[in-house]
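Respectively, the protein sequence lines represent chains A, B, C, D and E. Our numbering numbers the first residue of the first sequence as 1 and each following residue consecutively. Our numbering numbers the first residue of the second sequence as 1001 and each following residue consecutively. Our numbering numbers the first residue of the third sequence as 2001 and each following residue consecutively. Our numbering numbers the first residue of the fourth sequence as 3001 and each following residue consecutively. Our numbering numbers the first residue of the fifth sequence as 4001 and each following residue consecutively.
The hints are all genuine.
A few chain E residues that don't get close to chain D, going by computed Cβ distances all over 10 angstroms: (1) L4024; (2) Y4176; (3) G4182; (4) P4201; (5) G4329; (6) P4336; (7) V4352; (8) Q4371; (9) Y4377; (10) V4378; (11) Y4397; (12) E4457; (13) L4466; (14) L4471.
Taking lysine to any residue and the SDA-like style, the derived pairs with C-alpha atoms no more than 25 angstroms apart in a straight line are: (15) K28(A) <-> I15(A); (16) K3031(D) <-> L1073(B); (17) K111(A) <-> F4566(E).
Honestly, the hints are just simulated from the structure, not real lab data. Note that the coordinates shown come from a computational prediction; the quantities given were computed from them, not determined experimentally. Every residue gets a Cβ at the ideal spot worked out from N, C-alpha and C, and that includes glycine.
Here is how the chains run, residue by residue.
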Amino acid sequence: MINLLPPNLPYFICITLLLIGLYTMIIKKSLIKKIMGLNIFSTSVFLFLISMAYRRGGAPPIKAEGVELYVNPLPHALVLTGIVVALALTSFALILVINIYKEHKTLDSEKLTKL
Amino acid sequence: MNPVVIRTVTRILVPFIQLFGFYIIVHGPVSPGGGFQGGVVVGASMILLALAYGAHEAESKVSHHVRIAMDSLGSLAYAGIGLLGIAAGGLFLQYNIIPLPLPPARVNGIMIFLIGVAIGVHIMALVLSLFLHTTEETEKDD
Amino acid sequence: MNKLNHLLVVIVLLAIGVMMSIAVLEMPEFADPDAPIHRHVAPRYMAMSYQETGVPNMVTAILADYRGYDTLGELTVIFAGGVAVLSILGGKRKK
Amino acid sequence: MNISQHFPILVIITLFTGAYLAPLAGLWKRKLCYPLAVLSALLSFLFSVVILLSVLEHGIIRYHVGGWEPPWGIELLVDPLSAFMALIVSFIGLLAVVYSKDYIAGEIPDKKLPAYYSLLQLIIGGMLGALMTGDLFNLFVMTEIFSISAYALVSIAQKKGSLIASYNYLILASVGTTFILFSTGFIYMVTGSLNMVDISQRLSALESPWVMYNGLILLVIGFAIKSALFPLHTWLPDAHSIAPSPVSVLLSALVIKVGAYSIIRSVFTVFGPGLLEQSGVVTIPVTWMASLGILLGSIYAITQTDIKRMLAYSSVAHIGYILLGIGLASTASMTGGIFHILNHALGKACLFFCAGAVLHKTGIRNVEEYTGLAGKMPITMIAFTLAAISLVGIPPTSGFMSKFYLAIGAYQESWIFLAVILLGSLLSAVFYFRVINLIYFGEPEHKSGVREQGAEIGGVVHRQPTTDNRREAPLTMLIPIIILALGSTLFGILVHIPLSVVEPAVKLLLGM
Amino acid sequence: MIEHVLPVPPAALFIVGALLIPLLKGQLRKIFLLFIPIVAFVNLLYLPQGTYWTYHFVGFDLIFGRVDSTSLPFGYIFVIMAFLGALYAIHVKESSEHIAAFILVGASLGAVFAGDYLSLYLFLAIMTVSSAFLVFSRRRKSATDAGFRYLIFHFFGGSLLLAGIILYYISTGNLYFGLLEGNELYLYLILIGFLVKAAVPPFHTWLTDAYPEGTATGSVFLSAFTTKTGVYLLVRAFPGTEILIWLGAIMAVYGVVYAVIENDGRKLLAYSIISQVGYMVAAAGLGTQMAINGAIAHALCHILYKALLFMGPGAVLQVTGREKLTELGGLFKAMPVTFWLFMVGGVSISGVPFFNGFVSKTMIIASAGLQGEAVVYVLLLLASVGTFLHTCLKLPYYMFFATDRGIKAEEPPRNMLMSMGLTAFLCLFIGIYPAILYNILPYPVDFVPYTTEKVVEKIALLSFTLLGFWLLKDKIAGQPTISLDTDWFYRKAGPAFMWFCRNPASVFASWKDLAYAKICFAFILLFRHNSPELLLTAEKRVIQSRERRQLASRQPAPLDSLTIGFSIFMFTFIVALFLLLLVFGKLVP
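Could you build all of it, start to finish, from the sequences and the hints given here?
Below you can see the structure in the form of structure tokens.
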């Protein structure tokens, strides 16, 4: 196991980030922090996609003379899309939170529970 | 707080930021970048303007109506380019069949460029909208 | 949230982590040039995208041409986000 | 070149274009938004009718967007199942748009109308996109489109608590979509492809299945969150009950079905007939969760007083039926499950429309105030009865037939599932007949004293139906209700029509 | 001309007719209500024997017309009963009651002529709903509750039946409804489904619960159709099943025992239905040709005289608004015609010679004797004595004589009397000319009812009973209480179930759903326990909560609390569960 760990370390980091994101969303009471947790969570996925695209000795995926080995461009495109989706989600969630705060004057999910 | 420094720096920086943003949009096909990235940069320049001069400044430069129009038209332009493929007898979003007096690969390049611009227009308006609407009423409370 | 719940959450999350790690151990090695993702679909983009689309930036080529439909969807997502924000705030900014 | 070959993409693009146009039209004339939305929904409905017919005639449609062949470009894959679902979605979507005109006028301020219609078209278009696509990542994108529109539509009326409901929905469903993206990464990692058909071919040649299983599990759970499978349903009751009624219809009748459809796709198409044996890893737990959902969803529904909340909980139970049928993965159970998608869509849409009509005309949400509404809104209430009877599963309505197939399939697996289905019907009879009883035989509260006395004396009291207090909803609301009620009754008699689509779809999915 | 129009499916005639009722008003509707049964009767006369109206329905064969000598007699009597019931109820202005009644008739006819399980289930389900609606039509809290229990009970029976049908379909591959033999599981499920319809104890509580709660006119319909359809189903599917003999015999006595101590007039009659159906069930269990003949003949006769018996207290209820025997008495002066007509029913049910009960009941008892079932023979005989005691003596005595409570009363409306008269005439007619009944039975009848021996035996028995009653009449007076029956189970089960819904089951729901405790009141009433105190407090609470609700009802329902953290924990837990299953499913093959 020790031998196997270093090569796939980025993936382990992604999974760790994923767990951190989930943990934040479960434990933290502030609505904003839940959104942060969501963002960590989705970032871990982007990181996962991007790190799988890397290829030892690969050049950036822009066509250049004499270069044959590029990193995989497809996950990059996917991650771009994913980031934009996360942006839309986050912005909407934040606006909801702003309005929730205006309405209830609190962002603590425990307190909102008792409404 | 004295906003003079911020305002001056902003006034100087904004044109350059915007220029850089347009550069990113336009050079999407050949270098890292593209419509999304450039659009965000241009939008961010407007946000900077709003931060330094207040939301009204940004509002007066790009009003609500204009932003909505840019949003819709950007998206419509993308869908329209896609429909051009059908109109030309190909498939949806098929560029190389669009009848331009150029080799097919060049047509693709032009369409990719146009799409980048459409996305850029859409995103720059949207980013500004998001910012302005988010801050809208909190500002009033201050 | 009391300590017990806290512990429970951590245990469950760690369980997921451990079990996903089993999958990670079976994954193709990181940065392996011969991983399946580098062998199946991607080679065509690297070899042909410039000839087929006339654009040297492969990411842009994929984004706007090969998977242009995805990008249309993406644009629609962000459009939906914008409209969603408008719908919460009720349109016009008051002067 | 034949234009009809482009219908799979046009059915989506029409709605998206309509959605893009709505804010623009709102700048010019707000009244224009409604006809535009109706027009685009109508067009896409007509397109999907043509698609269904041509799929039945010529087999699977594959549309290569942008002209790129599948593993490189995105492919639209329309098989009988997706065409069937697309027809349901676009039809009920059209009805919801039509219904919105008068209903929404009282619910949201005028200046939000463009945003409302735009989101309405986006949610329908997103669902159609998710149904038609043959690409895993595109499925994720389309799922996000309809999800974001759904979150926004939940909170659009700015009722008390709607923001919190929307926030809950957003966060929980986003966890689901992120799971989906994560599993897309897993699957892409081991296959190098995003095309569903391509993936299924390459997966069956795979030697080490752990990554694949992880991907499958995350994919199914992600979509199970979207479809509100039982313990993952916590976002549903709030979101579905607080949303404006046309939106409730879309959410309850369609959105969760699209989630169920995506589970079907991921289990049977992505993991393919070749791996059907192994996919028991997910289908077996899914059947147990669905069984729990049938029972507990109905039990929760019994304890509700708010009609829309009751209907929302009943949706939890019904998604249980659908996923039970899918999870059992036999011919009969799959037929029942997929057929139940249609029946529940028709029935639940009708019920939510009726609840909306009542809410619109009288402001009543509480079940116990439904007393004597049959006199005031007879047509609506008859429709409500028919749809409720269909959902309880009493012959000759369509709900019975799907439950019959489901029950046959369930018994082939285990008697427990049969018992669950029958008990679930019994429980749903409790809460639906409670409402029906109140509608027809309950008395308005202020009269109850008089009535009691009269009943004691005469045994029968002659009641003159007063015609002046008849307050049916406007036609735009009444027509969808009537159509759906008729549909959920007639399809019980004309079962062969939906089955002629469902059966080939099931055969295809099970690889027969 | 008529030959070209007729025959049409009898069920369709009534159901379509029922749907047309709301379109008609006034005199036209009255004519229409009587016209439909007449047309249906003519239609039935033209109905040829055989199997037809088959409809290929997605791989199943639905048979809507299996007309043979077993189903035809039931068809005749159902249509006749529909006419009598419609005449009896013709003054009722509310169309909902007529619609429910006609749909009930139509569905019963459909069930009787159904030749496959799917269409049978269809019609039984429609019967259940329409009967429940007839009970609901009383528009009284207790009626609503009873109707609900009726509905749930029958859906429960229907579920078992459906399970049986599915098992049958899976093991045989068809849905043909016919004789069932063997030792399969589906057999028992279907049997229980049918027993619920026939109200065989312990599945009988719905009957005594719901029938007294029907409207005056509705109960007449209710009494005729459901149980007799159940008898038909048993005769059709389970003739000669050993257990039915004992169930039937016990049922006959059981019903009598409860009827004797019952206070509510119509509830007494409901128990007496159980007792009478017991004869038929026992006869179905005997399964000889003569017994089957007896079962069917008794079903036919029973429909007539039981309708007549329900019409009597129904008329009293119509006129006085009272049902309890302890609240009635001395009505004879005001309602002599009603009394005499009622008595025709009373003597019929008791099996007095020259009334129709005699010609059918003796047939069953005799066939039990011929089979050598001595115990059954005695039990049935005993039940017949008890029937005479409670229906023919106790009920009329306390209703029309006994203490005069000075109730203001008059004869009921003319149509009620006409209907009663017609029914009484039919009772007498069949009693005197039994051949007309025997001719339509499925097997040739070589049974002669009027032998000196049988008549003398019967008269002797009845005379002694009469004597006994006269001596003990004050001892068996009804008490204003509710006798405890097996229905305690679900009266208790209801609140227990609701407790379960609210407490353990709601753990996974949302926290705020727990605050919905007030809903329990609706269900305490729904599955009401018969304790007056509990009822009172519940009633009070409902009123209080109603006031509160009226303030809050225009608001959307209270939200679920923010359960994000918990929900996400649930998601992750499910993921972990799946992964665990995967790991252990893999490691341990």
